[in-house]
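Number of protein chains: 2
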Amino acid sequence: METHPFDEAIRLSPAGEHRFAGATHPGYANMVGPFGGVTNALMLEAVLRHPRRLGDPVALTVNFAGPVADGAFEIEASPSRTNRSTQHWWITMRQGDAVVTTGTAVFAERRSAWSTCEPVMPAGLPRPSDMPRASAAGRPAWCARYDMRFADGAVTEFDGREHVDSLTRLWIRDDPPRPLDFASLAAIADNFLPRIFVRRRRLVPVGTVSMTTYFHADAALLDAQADRYVLGTARGLNFRSGYFDQIAEIWSDSGELLATSHQVVYYRE
Amino acid sequence: METHPFDEAIRLSPAGEHRFAGATHPGYANMVGPFGGVTNALMLEAVLRHPRRLGDPVALTVNFAGPVADGAFEIEASPSRTNRSTQHWWITMRQGDAVVTTGTAVFAERRSAWSTCEPVMPAGLPRPSDMPRASAAGRPAWCARYDMRFADGAVTEFDGREHVDSLTRLWIRDDPPRPLDFASLAAIADNFLPRIFVRRRRLVPVGTVSMTTYFHADAALLDAQADRYVLGTARGLNFRSGYFDQIAEIWSDSGELLATSHQVVYYRE
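Residue numbers (the working numbering), protein chains in the order written: chain G, 1 to 269; chain Z, 270 to 538.
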């Protein structure tokens, strides 16, 4: 069986205590450098693969400190504090001597508790099988690595016709299909275009500077989701003085909120 | 003129390269240890006071890795990467040899750009002068350090009568009044009770494990706000398997979104 391209893209080799070596993958290239979602996934993967890791991810913050060049990188992940059921991590991605990405993560052993979800899954959307797949023609390579079916907020043309809001709702899964896991969920959490593109319908210089992903799914929920489409929603909040923030939700097709995220993006406009 | 208690609480003394010494303040004590908002502010303050700091805060992630004991602490803040107009930071709070809090921050020099805000400030709320101040009787010390006037989601009794949602909207300012700055905004962003208290109306074991604050205000907006009340809103998202997340917005009284935040909280219930 062939290795899935996502597994190739997040492949890490041990490179000493707390250190892992990897390389960017052409299949997940962005306009410049790699797709940020794969960087997000790689920062998490270094902890997931760490021999001292305790439990599953609860929160992951990734700071895109500088451009990631195509080619090799090293990730250092080290526990900053280990408690009885929670563990905190420092994570750094370097290329040569340059720090290109920094982050922290919180892992925990979960147990059952009173549960409820205040947001409701968007209702009334067509099923993915009844929707056309978005074309990845003319888009960066990574877009073809996802099967995306937009209910709202697809940007098909950068025609400068300003849009009233920045809401996107889409069904998405890996292409080829791949069972959902924490790493692919971390990548999918960053699949949404920068909201300034959705609002302004113009390609302007942008770059995420910091993103936090909150994991609500445990391994059982991920297993239940398998390789079916998840529903993603994203919207922008405040666009001001060169930075805006956007929030996202990733829902299972059975209506469970798998992850939420919040990121702040640099823009020039 | 007396020093404001908040300024006493966030006072840091240089203690070597990248290091600052401080101590918890009894006026901002929580049920156990210090109010997390002051810890959030202190982590930011270490960067704000750092001689190599560039620009103003854009994002601050603080991980509450272990309990902060009453008493002395040291904060280390060091730049992880400095670019032309952005700068990334590592931040660590220690007590003795123990890491108690970790974090990262992104600072930037802002400049004018196309701007819009998608969320709208809640309308139709009474003005703070027409609302009663919430009592801090029986509450942890820090609650008396804020003048809070609740439009929604006040928790006056822990009577176990479950509430339909976890929305809170309140006017808040320091007591005594103090001109808003980045540090006090970071503290106010964490003034909201854990949402499980609002939903369940029961005191259950809780603790924020990670919180990210996104700063939209620049110095001019903060100066314009001065010491008047800001409007805070908070609501919970997914409560599941011992962790829930909650989001918050802090608005100026003139309708500018000053900050947003997202945090994940441990709970046992």
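No lab work stands behind these hints, which were simulated from the structure alone. Check the hints yourself; a few may be wrong.
Claimed, not checked - What the simulated footprint calls covered on chain Z by chain G, stretch by stretch (three residues with Cβ under 8 Å from a Cβ of chain G suffice, anywhere in the stretch; the number is not a length): (1) 371 to 379; (2) 410 to 417.
Claimed, not checked - Computed from the model, here is a short list of chain G residues facing chain Z with C-beta under 8 Å: (3) Asn63; (4) Arg110; (5) Arg111; (6) Thr116; (7) Phe150; (8) Ala154; (9) Phe158; (10) Phe239; (11) Arg240; (12) Gly242.
To be verified - Beyond 10 Å from chain Z on every Cβ pair, some chain G residues (computed): (13) Pro51; (14) Ala113; (15) Pro119; (16) Ser135; (17) Arg161; (18) Arg169; (19) Arg199.
Just so it is clear, CB atoms sit at the ideal spot from N, CA and C, and this is done for glycine as well.
Now the hints, each set against the structure:
Counting residues of the stretch 371 to 379 of chain Z whose beta carbon lies closer than 8 Å to any beta carbon of chain G gives 6, which meets the minimum of three for the stated coverage. Evaluation of the coverage hint for the stretch 410 to 417 of chain Z: breached, as 0 residues show C-beta separations to chain G shorter than 8 Å, against a requirement of three. Contact between asparagine 63(G) and chain Z, as hinted, is supported at the beta carbon level, the nearest pair being about 5 Å apart and thus within 8 Å. With a least beta-carbon distance of about 4 Å to chain Z, the hint placing arginine 110(G) at the interface is held under the 8 Å criterion.
A hinted interface residue such as arginine 111(G) counts as satisfied when its beta carbon comes closer than 8 Å to some beta carbon of chain Z; here the least separation is about 6 Å, so the hint holds. The criterion of a C-beta within 8 Å of any C-beta in chain Z is met by threonine 116(G), whose closest approach is roughly 5 Å, and the hint holds. Of the supplied interface hints, the one on phenylalanine 150(G) is violated, with its beta-carbon coming no nearer than about 19 Å to a beta-carbon of chain Z, more than 8 Å. Violation of the interface hint for alanine 154(G) is found here, the shortest Cβ-Cβ separation to chain Z being roughly 18 Å, above the 8 Å cut-off.
Taking 8 Å as the C-beta cut-off, the interface hint given for phenylalanine 158(G) is violated, the closest approach to chain Z being about 15 Å. With a least beta-carbon distance of about 5 Å to chain Z, the hint placing phenylalanine 239(G) at the interface is held under the 8 Å criterion. Of the supplied interface hints, the one on arginine 240(G) holds, with its beta-carbon coming within about 5 Å of a beta-carbon of chain Z, less than 8 Å. Hint status for glycine 242(G): holds, given a least beta-carbon distance of 5 Å to chain Z, under 8 Å.
With a least beta-carbon separation of about 20 Å from chain Z, proline 51(G) lies farther than 10 Å from that chain, consistent with its non-interface assignment. Not every C-beta of chain Z lies more than 10 Å from that of alanine 113(G), the closest at about 5 Å, which undercuts listing it as non-interface. A Cβ of chain Z approaches the Cβ of proline 119(G) within 10 Å, the least distance being about 6 Å, so the stated non-interface status is violated. Annotated as non-interface, serine 135(G) keeps its C-beta farther than 10 Å from every C-beta of chain Z; the closest such distance is 27 Å.
Every C-beta of chain Z lies more than 10 Å from that of arginine 161(G), the closest at about 15 Å, which supports listing it as non-interface. Annotated as non-interface, arginine 169(G) keeps its C-beta farther than 10 Å from every C-beta of chain Z; the closest such distance is 15 Å. Annotated as non-interface, arginine 199(G) brings its C-beta within 10 Å of a C-beta of chain Z; the closest such distance is 7 Å.
Hint check: violations occur at hints 2, 7, 8, 9, 14, 15, 19; the rest are consistent with the structure.
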